[in-house]
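Q: Residue numbers (the numbering used here), protein chains in the order written: chain A, 1 to 158; chain B, 159 to 892.
These are calculated hints, taken from the structure and not from any lab test. Treat the hints with caution; some may be incorrect.
[Stated by the list, open to error] Heads up, simulated DSS-like pairs for lysine-lysine below, C-alpha to C-alpha not over 30 Å straight-line:
{"hint": "1", "chain 1": "B", "residue 1": "Lys405", "chain 2": "B", "residue 2": "Lys465"}
{"hint": "2", "chain 1": "B", "residue 1": "Lys782", "chain 2": "A", "residue 2": "Lys122"}
{"hint": "3", "chain 1": "B", "residue 1": "Lys881", "chain 2": "B", "residue 2": "Lys695"}
{"hint": "4", "chain 1": "A", "residue 1": "Lys89", "chain 2": "B", "residue 2": "Lys782"}
{"hint": "5", "chain 1": "B", "residue 1": "Lys782", "chain 2": "A", "residue 2": "Lys157"}
{"hint": "6", "chain 1": "B", "residue 1": "Lys738", "chain 2": "A", "residue 2": "Lys157"}
{"hint": "7", "chain 1": "B", "residue 1": "Lys579", "chain 2": "B", "residue 2": "Lys444"}
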Amino acid sequence: MPEEDEFVLVVNGEERTVRASADMPLLWALRQELGLSGVKFGCGAGLCGACTVHLDGSPVRSCLLPVGDVGSSKVTTLEGLQDDPLAEKLFDAWLEIDVMQCGYCQAGQIMTAHALLADNPKPSAGEVDAAMEGNICRCGTYPRIREAIRIASGQEKA
Amino acid sequence: MMAGRKQAVVMDRRAFLSVSALAGGGMALSLTMPGLALGAHHEDTGMLTAYVAIDSSGDVTITAKNPEIGQGVKTSLPMLIAEELDCEWSRVKVVQADFDPSRYQRQRAGGSLAIRFEWLPMRQAGAAARQMLLAAAAEASGLPAGEFSTRDGFVHHAASGRKWSYGELADAAARQPAPDLSRVRLKDPKDFRIIGKPAVGVDSERVLRGEALFGIDTNMPGMLHAVLETPPAHGGRLRSADTSAAKAARGVVAVLKLDGIGGPDAMSDCVAVIATNHWYAEQARKLLKLEWDVSAAQGHSLDAYAKEAARLHDANSGTVLRSDGDATARLAEAAKVVRARYSYPFIAHATLEPQNCTALYTDGALEMWAPTQTPERGVGMIERLLGIPADKQTLHITRIGGGFGRRLFADYMVQAAALAKAMPGKPIQMLWNRAEDTKRDFYRPGGWHSFAAGLDEDGGLIAFTDHFATFGSGGKPDRTAAMQPTHFPAGLVDDLLFTVDVMDTVIPMGPLRAPGSNALAYAFQGFLDEVAEAAGKDLPGLMLELCAEDRMIGEDVNGWGTGWAFRTSRARGVIERVLKDCGWAKRPRGGGRGLGFGFYFSHQGYFAEVADVSVEGENVKVHKVWVAADVGSHIVNPMGAEAQVTGAIIDGLAEAMGQRISFTDGVIEQQNFDTFPLGRISATPDIAISWVITDNAPSGLGEPALPPAIPALTNAIYAASGKRIRELPIQSWS
Ligand code: FES
Ligand code: FES
Chain A
1 MPEEDEFVLV
11 VNGEERTVRA
21 SADMPLLWAL
31 RQELGLSGVK
41 FGCGAGLCGA
51 CTVHLDGSPV
61 RSCLLPVGDV
71 GSSKVTTLEG
81 LQDDPLAEKL
91 FDAWLEIDVM
101 QCGYCQAGQI
111 MTAHALLADN
121 PKPSAGEVDA
131 AMEGNICRCG
141 TYPRIREAIR
151 IASGQEKA
Chain B
159 MMAGRKQAVV
169 MDRRAFLSVS
179 ALAGGGMALS
189 LTMPGLALGA
199 HHEDTGMLTA
209 YVAIDSSGDV
219 TITAKNPEIG
229 QGVKTSLPML
239 IAEELDCEWS
249 RVKVVQADFD
259 PSRYQRQRAG
269 GSLAIRFEWL
279 PMRQAGAAAR
289 QMLLAAAAEA
299 SGLPAGEFST
309 RDGFVHHAAS
319 GRKWSYGELA
329 DAAARQPAPD
339 LSRVRLKDPK
349 DFRIIGKPAV
359 GVDSERVLRG
369 EALFGIDTNM
379 PGMLHAVLET
389 PPAHGGRLRS
399 ADTSAAKAAR
409 GVVAVLKLDG
419 IGGPDAMSDC
429 VAVIATNHWY
439 AEQARKLLKL
449 EWDVSAAQGH
459 SLDAYAKEAA
469 RLHDANSGTV
479 LRSDGDATAR
489 LAEAAKVVRA
499 RYSYPFIAHA
509 TLEPQNCTAL
519 YTDGALEMWA
529 PTQTPERGVG
539 MIERLLGIPA
549 DKQTLHITRI
559 GGGFGRRLFA
569 DYMVQAAALA
579 KAMPGKPIQM
589 LWNRAEDTKR
599 DFYRPGGWHS
609 FAAGLDEDGG
619 LIAFTDHFAT
629 FGSGGKPDRT
639 AAMQPTHFPA
649 GLVDDLLFTV
659 DVMDTVIPMG
669 PLRAPGSNAL
679 AYAFQGFLDE
689 VAEAAGKDLP
699 GLMLELCAED
709 RMIGEDVNGW
719 GTGWAFRTSR
729 ARGVIERVLK
739 DCGWAKRPRG
749 GGRGLGFGFY
759 FSHQGYFAEV
769 ADVSVEGENV
779 KVHKVWVAAD
789 VGSHIVNPMG
799 AEAQVTGAII
809 DGLAEAMGQR
819 ISFTDGVIEQ
829 QNFDTFPLGR
839 ISATPDIAIS
849 WVITDNAPSG
859 LGEPALPPAI
869 PALTNAIYAA
879 SGKRIRELPI
889 QSWS
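All chains should be modelled from the sequences, with the hints used to inform the complete structure.
A: Given below as structure tokens:
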């Protein structure tokens with residue numbers, strides 16, 4: 001078992017010190033050591049996307065990423081996107097058509113959608129599905145997720 | 159929101175209204191209804207059903223008593239009050255009530271009941287408050303009350319052009335006598351300004367800010383994290399435990415052995431690992447050396463159940479659930495007989511937020527934070543099994559990451575309470591991992607049906623029989639494994655026989671979204687599709703024929719729609735509508751693409767659905783689903799209503815495509831979403847909904863759209879490929 005170590009993580013633009021074993025998934029360090037509740041636990045196995053955060057802007061499954069492997073990469077959670085212009089567009093679209101039902105998966109959906117649009121501002125319907133495929137919504141909000149991403153990307157209805 | 163002096167109490171046969179002044183200025187109004195005699199345990203005592211406060215700034219606070227599980231009731235019920243109060247929806251704040259049985263009746267989510275029960279009383283409460291505000295304006299100005307009107311949170315006097323905000327009037331309104339509820343004037347539905355208009359869920363924005371709203375988000379200083387190691391097989395008992403390695407592991411605070419209490423819906427024998435972080439607890443759990451006695455589950459395997467069901471079908475045994483005429487004799491003389499067997503597996507709820515509960519026990523008092531659909535159940539069980547009196551329990555109902563029926567059980571509350579009681583003074587969050595959540599569920603039970611139908615020379619359905627092999631005890635099917643004697647086509651075919659055989663099981667069973675219906679719709683509508691074909695018709699044609707005469711099947715118990723009353727004309731309405739919408743008459747046939755139809759009536763909702771599917775080898779693609787729905791006279795929140803319907807359909811399709819819980823000797827074989835697949839975005843079809851508005855009491859939407867989606871899909875697969883799906887799931891996974 002790895003030693004208890006101190007890690008300095010860059011989370012949402014701030015340096016945060018975490019005392020944890022190096023194999024602790026980033027998910028549990030963020031939720032329970034740093035008190036960030038936006039990142040959610042769904043499967044713990046990379047199968048649902050509820051725990052999606054950005055690592056240097058790319059979506060990763062924080063349930064599979066050991067805190068010891070994060071290094072100096074910048075970690076962004078939903079809390080860290082609150083003043084981000086692209087995220088604002090997503091939030092507005094999400095509220096405009098009331099995407100969420102229980103809401104539990106939605107942080108992960110937003111994180112993945114944000115990474116998609118940052119990379120590809122006008123994705124096709126097929127590209128949206130491909131990017132969002134790893135994010136499960138148990139409530140089945142998929143039609144509105146598609147629609148909200150379309151609205152946020154400023155595209156006309158097909 | 160402290161209520162000050164109580165002022166007026168008005169009683170009538172049905173409801174009590176009490177009015178008080180708010181401590182900081184303003185009015186508060188509580189509506190209390192007599193018990194609705196929903197079940198034996200509901201005494202006819204009055205319970206608070208709505209609480210509305212208007213403060214002096216004009217802000218309106220409505221307390222939502224029902225837990226929110228993603229069905230949107232926390233939005234739609236307050237909409238009913240706000241509509242009749244005639245205030246601006248944007249000024250309404252909705253807060254979640256803590257569990258308080260002395261104040262709230264029926265504090266639960268589930269059964270698509272909310273809208274059905276509260277349509278009238280919620281509106282009356284709003285209308286009563288509005289009437290008192292009008293009276294207050296009349297008193298203040300000395301003008302007759304009849305000269306005033308309301309709009310968007312203001313009382314207007316048209317002749318003088320004067321207006322008063324609700325906030326200005328709230329103090330004076332609190333001193334008005336509370337009106338007789340049975341005589342408050344309700345709006346003409348054509349004047350509705352909130353009901354029927356899309357409203358965004360009241361907490362949506364907070365979810366997007368990442369606020370801690372869900373049970374799992376509960377956090378407090380010094381909180382510990384617990385995981386449970388439970389028996390590998392259902393019904394298992396702990397024989398011996400070596401916990402030394404786990405105790406020594408990093409972050410571990412305690413390892414506790416707990417004896418099972420109260421059966422699987424409370425707590426089985428288990429070992430809890432309590433640590434400073436969930437991850438440490440999970441790691442230490444792997445170091446436990448436990449020996450289990452799993453003999454109770456010997457032989458309880460899905461394959462064995464299937465074999466037993468086949469044996470029962472072959473023996474044509476079973477007790478009679480319903481017998482009309484002489485179906486056996488009529489089958490013998492029929493021109494054509496169609497026979498088929500249909501089966502479906504056990505499936506799990508798989509809420510995305512795994513079961514969890516946070517509890518703190520101090521000085522004999524228990525405080526809990528739980529994502530629960532039925533708070534009273536947990537509190538009652540904890541009182542009974544752990545000896546903590548209900549009045550020493552405080553329960554905070556958190557937002558819930560998916561219910562689907564799973565959180566009607568309170569096992570996780572009992573377990574968290576037991577842990578907290580064992581470690582007084584320490585807040586403990588118990589959280590299950592996904593494998594545990596899949597393994598410790600109360601499953602939708604599997605079932606096996608052996609059908610026969612007799613047709614006359616002209617293709618008329620003259621006899622129908624179903625022999626249903628299901629689960630329960632003492633010869634009685636479990637509530638969630640039962641079938642109603644009024645099930646379609648009962649009452650519409652003169653010679654009909656339903657028989658039932660009940661098998662024992664150790665696998666826990668429970669209601670899953672549209673309980674019973676989520677399985678029966680597929681079996682019956684799938685078989686009837688075969689019958690229709692043999693009769694030279696199609697399924698919707700056969701259904702319209704059976705429903706041709708306007709009939710009411712079953713009893714509409716006490717007018718609340720709680721019975722199984724089924725109205726043929728409402729079925730016809732949605733069937734005709736969906737056929738028109740999808741262009742059924744001109745549908746493509748063969749060539750790997752086809753349309754399939756399914757109809758079902760459940761939870762007072764009538765749903766006809768058509769799926770457009772292509773089949774290529776093993777691959778099934780659903781392109782589109784058309785839905786026609788009759789849930790009565792109003793769709794309270796169209797935005798929420800559409801979400802419920804599309805969600806239910808996506809759910810149903812995923813269940814049918816790949817979901818199956820299997821087990822050998824009581825050991826559940828699926829653990830995570832790789833072997834128990836949920837719907838994903840790429841598999842999501844376009845969904846087109848038509849509301850068929852009829853003059854009936856509005857009913858709920860959380861469930862009834864799901865059942866017909868499954869036969870629509872399986873019947874479409876047949877139309878596209880010629881392959882009958884008589885066993886679910888469609889694609890078998892490991
Ligand atoms: S919790 Fe990480 S992918 Fe599901
Ligand atoms: S909104 Fe409930 S899981 Fe997506």
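Q: If a hint holds in the structure, say so; if it doesn't, say that too.
A: Against the structure, the hints come out as follows:
For the proposed pair B/Lys405 and B/Lys465, the alpha carbon gap of about 45 Å is over 30 Å, so the pair is violated. A hinted pair counts as satisfied when its Cα atoms are at most 30 Å apart, and B/Lys782 with A/Lys122 qualifies at roughly 25 Å. Annotation: proposed proximity of B/Lys881 to B/Lys695 holds, straight-line Cα distance about 18 Å (limit 30 Å). Distance restraint check for A/Lys89 and B/Lys782: the Cα-Cα separation of roughly 29 Å lies within the 30 Å cut-off, and the hinted pair is therefore satisfied.
For the given pair, B/Lys782 sits about 17 Å from A/Lys157 by alpha-carbon distance, which is consistent with the 30 Å threshold. For the suggested pair B/Lys738 and A/Lys157, the alpha carbons sit about 25 Å apart, so the restraint of at most 30 Å is met. As the CA atoms of B/Lys579 and B/Lys444 are separated by approximately 25 Å, the hinted pair is consistent with the 30 Å bound.
This entry does not satisfy hint 1, going by the numbered hints stated previously; all others are met.
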